[in-house]
Amino acid sequence: MKSMMKYIFVAKVSMQEALAYSMNFLGRGVFYIIIISIMVFLWKAIYAQGVDTGDYDVNRMIWYLIIGELIALSGARFYEEVSNDVKTGNIAYLMNKPYHYVNYQFAHYIGKTVIQLLVNCIIAIPLGLIYVGSLDGFSFKYLPFIIVTILMGLCLDFMVNMALALSAFWVEENEPFRWIYQKLVFTLGGMLIPLELFPEKLYQISRFLPFAFVTYVPAKLTTDFNMTEFLQLAGIQFGYIILMMLITMFIYQRGVKKLNVNGG
Amino acid sequence: MSTADKKYKKTGTNAETNAETNAETNTETNAEIIAGADTETEEIMRTVTKEVKKASRSALMQSLGLIRAYFKLNLAASMEYRTSFILQVFGMALNNASFAFFWWILFDRVGTIGNYGFREVMMLWAIVSSSFGSGVVLFGNAMRLNDMIVKGELDSYLLQPKNTLVNILASKTRVSGWGDLVYGFVLFFILFGFDPIRLVLFIVYTITGALLFVSLFSLSGSLAFFLGNANALGNTMVEFAISVSIYPESIFTGPVKTLVFTALPIAYISFVPVRALRTLTLVNGVMPILVSLGMTVLTFFVFHTGLKRYESGNLMINKL
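So the sequences go chain by chain: A and B.
With the working numbering, letter number 149 in the first sequence gets 149, and the count goes up by one each step, no holes.
For the working numbering, add 264 to where a residue sits in the second sequence, where the first one is 1.
None of these hints come from the bench; they were simulated from the model.
Some hints could be false.
Claimed, not checked - Covered stretches of chain A, as calculated for chain B (at least 3 residues, CB under 8 Å):
(1) 48-54
(2) 170-181
(3) 190-199
Think of the CB as a built atom: it goes at the ideal place given N, C-alpha and C, for glycine as much as any other residue.
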């Protein structure tokens, strides 16, 4: 428990830091408004043509996209920082500190992400209400479960990004890995379009890929909550987090062993 | 003193002498003198215009020379880390291609959106990618202008006898822009094959789109001269420009449509060029050229007006 306290403290400090530089968060909030507004224009134009989109009517579709974008835009950015720590050799100094580097970054991420998530929620809810009214069939009793699945989606996103960022131990220019992963979340992760609209075979494959558990699963559960489905999907989500955590730790251990820092 | 100034002084003296000498001469003589003075004034005006044109041409040539020199240097520097260069180029191309997947899924489901199908959206992507790519490859600092002004990083550029804005913008490149540029052209050849007329048009719209992107980025960056740190506002303009230009024109209606065709002329980056590529009509074909030139002039005007308010940060930085 004592070892946990220092990470809780790091998260707290990160939150304070985030609040001190609130303008940065507002900037991402404005981008969020732009993207959602464009999506609303797009889907309203599609629905005006009378297109059949299965279980997704315009109300559910817009709220689905709002939640998907909310997750994609709330995760704190750390990729470049970690990559640079490795590339510049700065990680050698951070490893000696009384914390685990990956855990420290995770605590830092959680602190900043919680604030960004709150800011985005303050924007998202009125935005959804203005564009399509309240979410049909939504009940506040499901909210705690929805929050859990959103936070787990963000944790999974952190783990994958961290594993990719640590590739800097072997690859000098690792930024393209992040771009590609991010676009996989946009597409196969269902951020831009619900997976149910994919061709059947592709849907059956993509719904079990890890990308879907970052955005699709939380957005789907928010717009159409079902306890049985929640227990199943949250279980798989948790499994993916553990798996990615093990992979990340493995990469970190291997990377640290081959670390070669010159100078001081 | 320039030749034009000397001639002007001479004419001035002549006109004064003429006025004194011929004060009491008849109307016919006066008319002759006036006609003579008019001819001489016209000649001076012609000379002045010629001189101004020559100076502008030489300034333009100098700026183009500077852009070419920076381009060569930046490319050589990027190629120094070849693996990194190739990774970034292919990474960005793949990154863009992922959106094609989204549009394929969507159009497979919905057929068309307004008068746009999958092919038309890919045309948008081709033009936007190649325009954005060439813009940031040649003028890599365009998206950093706000930061540079706020941090007072312009000093070293002000000391050089080159156009300040061109010097600032062209001094850096963005390697990933090559990926966008390559992707745009690959997409064009997939869509149209080798169609010489459309290829020429596509190259023209790549240039006009690049000018419009760089102008919009620079204008949003120049806001820092007037508003202090305008990063949030500038970024919003940038994100808005990029995001809007890659969606079908028909989804934008009302005030947003008015905005993208007027105050923020994003429509001329991709919507109007796509119309031109589809229909090969003159009005659609020419408008992006006129608008991009107008925006470029406006950008120079706003930047140089703002530059008078610049406060140095006493910071000397590496330019490359």
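Do the hints match the structure? See the list:
For the region 48-54 of chain A, the assignment as covered by chain B holds, since 3 residues bring a beta-carbon within under 8 Å of that chain's beta-carbons and 3 suffice. For the region 170-181 of chain A, the stated coverage by chain B holds: 8 residues have a C-beta nearer than 8 Å to a C-beta of that chain, and at least 3 were required. For the region 190-199 of chain A, the stated coverage by chain B holds: 5 residues have a C-beta nearer than 8 Å to a C-beta of that chain, and at least 3 were required.
The structure agrees with every numbered hint stated previously.
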